[in-house]
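Engineer: So you can see what is in the structure, the chains are spelled out below.
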Amino acid sequence: GAGVSQSPSNKVTEKGKDVELRCDPISGHTALYWYRQSLGQGLEFLIYFQGNSAPDKSGLPSDRFSAERTGGSVSTLTIQRTQQEDSAVYLCASSSLRTGRHEQYFGPGTRLTVT
Amino acid sequence: GESVGLHLPTLSVQEGDNSIINCAYSNSASDYFIWYKQESGKGPQFIIDIRSNMDKRQGQRVTVLLNKTVKHLSLQIAATQPGDSAVYFCAEKAGYALNFGKGTSLLVTP
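If you're matching them up, the sequences are chains A and B in order. Going by the working numbering, the letters in the first sequence line up with residues 1147 to 1261, in that order. Going by the working numbering, the letters in the second sequence line up with residues 20 to 129, in that order.
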C-alpha cells in the first residue's frame, strides 16, 4: 500500500521568503507528526495532530512556523520569512493509534535549503 | 533535561559478522522504545520496538535488549549484510511524539 508521501522532495528558497511543505499520511492513520532533521543530527519534534483534537505545537521553534491539517488527512507545514538556520530535512510521519502500537511511519522528507 | 543518546557515532563491521548498536536513555519513566534505520536520502524506517515490561524482543535478524536497571538499550543485527549500512536511531516515546538520539552510522565492509 501507499506510504507517507511528501512534497516537494527538495526546496531551495531565498532568505525571507515563505515556504509550504506538504504531507500525505497513510490512509486511515489518525495521528500525524512533523519532525526536523538537521545535518548529522537526530530528529527534532515539531508538531503533532490527532484526529480533530487541537494540535500539540510544543516543538515549533518560533512563531514563523505553523502547520495545519485539513480534513484529518493532508497536512501543510508553513515557514514564514525563512532563515538560513531553517535549512534541514523536514520529515512527516503518521501512525494508527487504534492498533495500540506507537510506531510511526515516515515519509522521505523535504530537504529545505535557505540561501 | 531528559535525553536519548548513543554511545558510538560510527560502527564498522565486516559482512557476516554480528553488529551491536547501543543506546542510553535517561528518562526512567520511559515505557516504550523503537529502533529506526535511515538510509541516505530516505526517511527513517521502523525496525523493531519494545515495551518496558520486556527485556528482549526478536525480529528477523534483529534483537532488541532493554536493561532498565542501567537504562540501556541495544540493537543486535545478526549476519550483517551490505544492505544494513545506514544510520540507526533509537527513540523513546515522549508524550505523543518520539524523542530521538543522534544516531549511529553502521558501515558494513565486504
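Simulated from the structure, these hints should not be mistaken for laboratory data. Beta carbons are placed, not taken as given, at the ideal position from N, Cα and C, and that holds for glycine. Honestly, I wouldn't trust all of these hints.
To be verified - Just the calculated beta-carbon pair ranges, DEER-fashion:
(1) B/Gly35 / A/Lys1203: 25 to 33 Å
(2) B/Arg70 / A/Gly1205: 41 to 49 Å
(3) B/Gly114 / A/Gly1174: 33 to 41 Å
(4) A/Ser1151 / B/Ser59: 29 to 37 Å
(5) B/Ser47 / A/Ser1208: 28 to 36 Å
(6) A/Glu1166 / B/Gln33: 22 to 30 Å
Stated by the list, open to error - When the alpha-carbon atoms are kept at most 35 Å apart in a straight line, the in silico DSBU-like pairs for lysine-lysine are as follows:
(7) B/Lys112 / B/Lys90
(8) A/Lys1163 / A/Lys1203
(9) B/Lys90 / A/Lys1161
(10) B/Lys112 / B/Lys87
(11) B/Lys61 / B/Lys90
(12) B/Lys75 / A/Lys1157
(13) A/Lys1157 / B/Lys90
(14) B/Lys61 / A/Lys1163
(15) B/Lys112 / A/Lys1157
(16) B/Lys61 / B/Lys87
(17) B/Lys90 / B/Lys75
(18) B/Lys121 / B/Lys75
(19) B/Lys75 / B/Lys112
(20) B/Lys90 / A/Lys1203
(21) B/Lys87 / A/Lys1157
(22) A/Lys1203 / A/Lys1157
(23) B/Lys112 / B/Lys61
(24) B/Lys121 / B/Lys90
(25) B/Lys75 / A/Lys1163
(26) A/Lys1203 / B/Lys112
(27) B/Lys75 / A/Lys1161
(28) B/Lys61 / A/Lys1161
(29) A/Lys1163 / B/Lys87
Engineer: Take the hints in turn and mark each one as holding or not.
Structural biologist: For each hint, the structure was consulted:
Remark: the range hint 25 to 33 Å for B/Gly35 to A/Lys1203 is contradicted by a beta-carbon distance near 47 Å. One distance hint, 41 to 49 Å for the beta-carbon pair B/Arg70 and A/Gly1205, is violated here, with the actual separation near 24 Å. Remark: the range hint 33 to 41 Å for B/Gly114 to A/Gly1174 is contradicted by a beta-carbon distance near 23 Å. Under the hint 29 to 37 Å, the C-beta atoms of A/Ser1151 and B/Ser59, about 19 Å apart, miss the expected range.
Between B/Ser47 and A/Ser1208, the C-beta spacing of about 32 Å keeps the proposed range 28 to 36 Å intact. A hinted range of 22 to 30 Å for the beta carbons of A/Glu1166 and B/Gln33 is inconsistent with their spacing of about 46 Å. This hinted pair checks out: B/Lys112 and B/Lys90 have alpha carbons roughly 14 Å apart, not beyond 35 Å. Between A/Lys1163 and A/Lys1203 the CA atoms are separated by roughly 22 Å; this keeps the pair inside 35 Å, and the hint holds.
For the suggested pair B/Lys90 and A/Lys1161, the alpha carbons sit about 43 Å apart, so the restraint of at most 35 Å is broken. Our distance criterion of 35 Å between C-alpha atoms is met by B/Lys112 and B/Lys87, whose separation comes to about 15 Å. Only pairs whose Cα atoms come within 35 Å are accepted, and B/Lys61 paired with B/Lys90 is accepted, the gap being roughly 29 Å. Our distance criterion of 35 Å between C-alpha atoms is broken by B/Lys75 and A/Lys1157, whose separation comes to about 42 Å.
The straight-line distance between the Cα atoms of A/Lys1157 and B/Lys90 is roughly 40 Å, outside the 35 Å bound, and the hint therefore fails. Distance check on the hinted pair: B/Lys61 and A/Lys1163 sit about 26 Å apart at the alpha-carbon level, within 35 Å; holds. Simply put, B/Lys112 and A/Lys1157 have alpha-carbon atoms about 30 Å apart, close enough for the 35 Å limit, and the pair holds. A C-alpha spacing of about 31 Å is found between B/Lys61 and B/Lys87, which places the hinted pair at or below 35 Å, so the restraint holds.
The hinted pair formed by B/Lys90 and B/Lys75 meets the criterion: a straight-line CA distance of about 14 Å does not exceed 35 Å. About 23 Å separates the Cα atoms of B/Lys121 and B/Lys75, which keeps this hinted pair within 35 Å; it holds. Of the pairs offered as hints, the one joining B/Lys75 and B/Lys112 holds, with about 18 Å between alpha carbons and a cut-off of 35 Å not exceeded. Between B/Lys90 and A/Lys1203 the alpha-carbon distance is near 29 Å, which keeps this suggested pair within the 35 Å criterion.
Between the alpha carbons of B/Lys87 and A/Lys1157 the distance comes to roughly 42 Å, so the proposed pair goes past 35 Å and is violated. A hinted pair counts as satisfied when its Cα atoms are at most 35 Å apart, and A/Lys1203 with A/Lys1157 qualifies at roughly 23 Å. Only pairs whose Cα atoms come within 35 Å are accepted, and B/Lys112 paired with B/Lys61 is accepted, the gap being roughly 22 Å. This hinted pair checks out: B/Lys121 and B/Lys90 have alpha carbons roughly 17 Å apart, not beyond 35 Å.
For the given pair, B/Lys75 sits about 49 Å from A/Lys1163 by alpha-carbon distance, which is inconsistent with the 35 Å threshold. Between the alpha carbons of A/Lys1203 and B/Lys112 the distance comes to roughly 17 Å, so the proposed pair stays at or under 35 Å and holds. Of the supplied pair hints, the one linking B/Lys75 and A/Lys1161 is violated, its CA atoms being roughly 48 Å apart against a limit of 35 Å. Note on B/Lys61 and A/Lys1161: the hinted pairing holds, with a Cα-Cα distance of about 26 Å set against a maximum of 35 Å.
The straight-line distance between the Cα atoms of A/Lys1163 and B/Lys87 is roughly 47 Å, outside the 35 Å bound, and the hint therefore fails.
When held up to the earlier numbered hints, the structure conflicts with 1, 2, 3, 4, 6, 9, 12, 13, 21, 25, 27 and 29 and fits the remainder.
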